[in-house]
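**Q** Could you slot chain B onto chain A? The hints should help.
Protein chains in written order, with the numbering used here: chain A, 1 to 448; chain B, 1001 to 1571.
In case anyone wonders, no lab produced these hints; they're calculated from the structure.
Treat the hints with care, as some may be off.
Unchecked claim - Partner residues aside, some chain B positions facing chain A, computed with beta carbon under 10 Å: (1) Leu1236; (2) Asn1268; (3) Lys1277; (4) Thr1399.
Said to hold, decoys possible - If you want the ones that stay clear, here's a sample from chain A, every Cβ over 10 Å from chain B, calculated: (5) Arg223; (6) Tyr235; (7) Thr424.
Ideal Cβ placement from N, Cα and C applies to all residues, glycine included.
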Amino acid sequence: MPVYTVSNVQNLRICVVMVGLPARGKSFISQKIVRYLSWLSIKSRCFNVGNYRRQDAPRPSADFFDASNEEAYKIREQAVTQAVHDMMNWFADEEGVVAILDATNSTRERRNWILKLCRENSIEPMFLESWCDDKDLILRNIADVKTSSPDYKGVNPEDASADFLKRIGKYEQVYQTLDADKDRDLTFVRMINIAEQVIINRVETYLESRIVFYVMNLHIKPRYIWLSRHGESIYNLEKKIGGDSSLSPRGLQYAKKLPEFVRESAGDRDLTVWTSTLIRTQETAQHLPYRQLQWKALDELDAGVCDGMTYEEIEETFPEDFKARDEDKYEYRYRGGESYRDVVIRLEPIIMELERQENILIITHQAVLRCIYAYFMNVPQEESPWMSIPLHTLIRLEPRAYATHVTRLKADIPAVSTYKGKGTSQVGENSSETNKSLHVLTDSNTNN
Amino acid sequence: MSSNGPTDLFNMESPTMNAGNHMARTRRRWSSTSKDKRPKLTEMTDGVHEEVETDFISPGQLYSTESGRLFHAGKILIVLVGLPATSKTLLSVAITRYTKWLGVRTSSFHVSEYRRKMTACEDHNNFPTDYFSAKPKTSEGRSKRKQILDKVLDDMLQFFNRDKGQLAVYDALNILVEERVQLDKIFSKMNTKVLFIESVMTDADMIKHNVDMASRSADYVGWSQEAAVSDFMHRLKVNKQLYEEMTPKEQLSYVKYINFGERLIVNNNHFGYLINKIVFFLMNLRDKKGCVYFARCGTSDNDNYIDDELLNSEGTAYSKTLTDLVVKLVNERRAAQATSYPPSMEHATTPSAGSPTKTIGSIGGIENIISPGPSSRSMSPSLSPLLTTHASLKRTESTGNASVRQPVSGDGGDEDSFVVWTAPRKRTFDTARFFDEKGISVRQRSQLQQLHPGVVADMTGSEIRQSYPEEYKEWLKDPYHYRFPRSESYHDLAVRMEPLLLEMERMRGDILVIGHESVLRVLYGYLMACSCSDIPRLCFSRDQVIEISFSPFENKVRRVPIVYENSSCLK
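Okay, chain B solo, but in the shape it has when bound:
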């Protein structure tokens, strides 16, 4: 194998080595003596805040127009509107992540980040406290505010004019009509459409949660929790009095986003597809309690692309260990999060998210009407291995009571859900067998089918170089977009997988994705905002589970080792 650049093409396994010796292969890839320049997952941080380069091409780009802009949408400024603690930052980061992935040159502009950076060297005791009001009363507050907002405005203009930006996301209060009119005026003049997204929160629990989060933010390092909350509440109160909610009278295009997506109101929607796509995205965006886990599938005897095999004994040992490990990780986190809920009830008899079929039978009076779902299997009545949470208890209470809203029956609607996704290949769904046995929902998803390697299936780098020298050269130049004859490129794969990203956004609980490395690369690439040049080079080995957790400003990765019997060949 070549030691320069990416060598593992599409197939993680190189068929030149004996079957059954997968871990040895894996080790080779990860060994520290390797000159491989592949980015290591451990060092990867969420790329959502990285600047987009001028020649930046994004993972999911369907096609671009001559102007280099997608969807004939032209330039767009998205302006967040809302009081402090209404998840504006989370929204702007999520939109930036998604549109960047779609191929739109997007950048987010967070005023709070600007403020922190611009005042880093200043004496914080002298910082004008009424800066945080949309209308500061002191002249120091006013000038500081103007100074910072002007800088953001400048940068956004430059992003459009100099850096060929297509979409800027402006994260600031913007709670005054006058501010919004001003923005609309400036940007409309330069042929940039302005869309306002107003986040409104009326739900007391959500506000409390957000205030709590804010009091732990970078602004309050070294403060006592109480002092931080009270300071933040003051910011909130001052602005609440000034807040002018958006109405159709302003004649602006806006989306009202109420209680984190409980209700969306789209007004003056004349922007077409890109905005519709963002609305679709917002419909699915949820505040996540759980994590996304990635794992490779276990090994089978031949491990060739074309064979569709069940696991061999090593693969089975791997999947057993994987099952126990992920269940343990999920339970550990739930136990930690459950401090505000009733004590853990590991062996409670309430039906859990993992076995929705069981709840059906218990609904009063419907047995004769509803036959079992199209695919419900006769599942053993085993108790779920997952901790019961507040959400599962609440769900049990309301099920079957026609006078109240019924709990969601789709996957992942509740924060205590846990779903395993696999590809439709035997190898991958066989890896999920033990989850299924434990009563955890396992879903085969056609979109998770691995990247089609075309003519180079099961070939090593050197074999390809020999058989397809010209193609190989081309591929080295752009491994993300290049297609070997009859193969899919990573880009094709990403487009095919897009619906899954949105489903993933909607799921509030935990998801484990068991798939081929190519598929994991694309999903990871989305969640961590990797660039096209990184994605084909990401590595996922069978000795680690990847855990991605969500936070408003950026996502975080943790790698947990999988240790099982056969992995002894590693040492």
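This is chain A alone, in the form it adopts within the complex:
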């Protein structure tokens, strides 16, 4: 019997149908929802109609989006049909749970067509409209689009802006907003100027309400999130896992250096420090001159009966468990302890809180940090438990509308490696020859 992370999702399929003019943040919202749900192990995918359209019309001008341009209309129609077709197949073949149809879906006719398809296939449609008449907000979005949209690759920014505004104009001619009366029977959400006014109509499942709540907590103010593991601990030196040991002398050195180190990255920004309840994270945070909060939810993955053992001892004492864990590290639950999935569930309130907060420094543990990092960087479940996150390293995340930027700062204080590759009981980065996830922190600086 499976364990569900959010609601019971048995036999539940939701199609979030985005509605809105271009530059209303639809793609931003779509991507965030997919990231959040995937992280919670709810199978979700975004179907972006623009990507389908680009296969036939890679860089169209604004006239392409004129409703009276019949030839172009056909291409656009094909794109939408193909996207919806793929979406339905995805629901069926891959047991998808939440699909996001990211398109303008600007006419009632189009929406009714999707509605009918959903109903025929036992999929619950939820229409999510982002409506905006705040000029500044729209202009900011346009600025983002013209630098990031493949439609304007190689076009100079001013021309791109002008063309894009024209394109929006074409859509405005046919746009029909969700109507409180005509659409009263649908499940829909209308977000007006981000969340100044929100209309929530007939949300009838917990999962949908969760999505709405999540979207209401999103903000796009600039901010940073810093992540660090605790300094090197006595247990790290002894190659033991878990426990509640103090820092080693080198770990204490890291703690001492941390304030200066953080200031280098944060400047004069005010921030709040979140730690776990374990001694090693608090010792690491002890010199930081910021407000500090302890969260039980940030405690390290509980290794149950294996707590306080070395990997070698575990392999010896519980050989089958040791193997089982390597085979499916995300799902494996230590006897009397936790799995990565369990950790993700208890971290959920932290993520919701992080979304609405501004500058936060989190000092926590390897497994927990992997989970938080995986959320912001969209790292798939198969990979996240294998990511290498070295000690004495400060990671800075900068969530932006279309991607999260990562900077990694290495403190110049040596520490042991606690990384354990697949199929070995030895720790250390060199012990594993085939570790494809090592690159996660070293090579890529952004995700998509």
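**A** Leaving out everything else, chain B in the frame of chain A:
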């Protein structure tokens, strides 16, 4: 075991006693000679209306700011707006319960309660009937109305100024623009944000139901049903003519709550997280027809924390009895509620809520598109043991018809749903085995994992006192928040379980939660608004099922004995 204060720590079972003798242990805990001062469940009433003490710390508090207020939200007044019979009282009580639990110092102020209390000694025949109008025509009505509203206002001001309150919920008509502007003015001046929640009902069935409820309220004791309804309808009519619905023109922050959550409109939402949380809560709040049941899991051989075992024979006997008992309780209540519906159809062939997988196959033309859900098991086509209700019939009619809205497929959406939640431990889900066999939905919920006891796992009170004397002392001071090394506190557990509370609110039918005592304490603590000091001391034994039923003003508890063969060792 110590006879002072809470002794059972986290593990109900004390390992010093022989395995297999659980009922004897249980009896010890419940015996009348015990000097144990633990609160007994029978005496517990819903604490949602109890005053919050100044040093009150709530169960679910994530963290507080220096001002002692949560979420940087400052002081907030929530003003209910709406005609009589629009569930304002239910809403204000539910919000109070939830925010109190979240750690916000909340109090609700019901004008109807004030009126009843303040006029208890007066001659009711002389009570000015137009008091119930938002604009009384007689001077007696006006002065009475002013007298009572002024008193409520005073108390709310005092709650903020003297009692360090953070959130007051004001339950009165407030249907006039002028009243609302006045409130906003008074409280804004003292840096208190004002949020209006306007409950609007247009659904005739809902109104009828609410009027019916009102006619049975304390105001109409001794009245005939007819006279009560007609009197109440008069109150409604008078106010309907005066009602000024809220519009953006008033420039106030408000949530319009239409037909009990069918639609919510959030306006001028500048209050941030706490208000978003309340909106999230309102999205999930449903008018419940069913009950929440709590039961312990059956016994296994070792019954230690670390072991993950299936049930032993005693445990199996227990779970069999439990299954029959809960199904019987659910059916009895449904039969009683069904008087207005078609006669009971116990053996009807309509698919029931317990087996949603069965409905899937019957939807025309989709078999080739929709593969079975990620987890659908091949279930025996056994008929559900539950009574079919109006809701199940309606659902069958609309399924597969693309021209109408489809029935909800999530758990608990319909009033005739019945879902069993268990922890992911073998002991607990094995206890639900017979429900599963009957085709009732059984869900393992990771959040129901019992409280992690850390280093004191499977230790008795005296063992702990010996091994961890300092920690033990600390724990006695605050068993709710104290964590033994590596353990979870009840507070940690509550934070972890919060999502389940909202899911529970959404489910309209029956829920049975089978779990460890620690988990049941937290859920019970939420539903009955217990304080932090009570929650770790609540007792749940294997010889009782706890049934919690919902009503607008307070929730009620009933305890039903479980009698099965092995319980003979009790006597």
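**Q** Now, for every hint given, state plainly whether the structure supports it.
**A** The hints, checked one at a time:
1. Leu1236: 24 Å, violated
2. Asn1268: Holds, about 7 Å.
3. Lys1277: Constraint on Lys1277 (chain B) satisfied, holds at 8 Å.
4. Thr1399: At about 8 Å, which falls below the 10 Å cut-off, the nearest Cβ of chain A leaves the hint on Thr1399 (chain B) intact, so it holds.
5. Arg223: 15 Å, holds
6. Tyr235: Per Cβ check, Tyr235 (chain A) is outside 10 Å of chain B; nearest 13 Å; holds.
7. Thr424: 27 Å, holds
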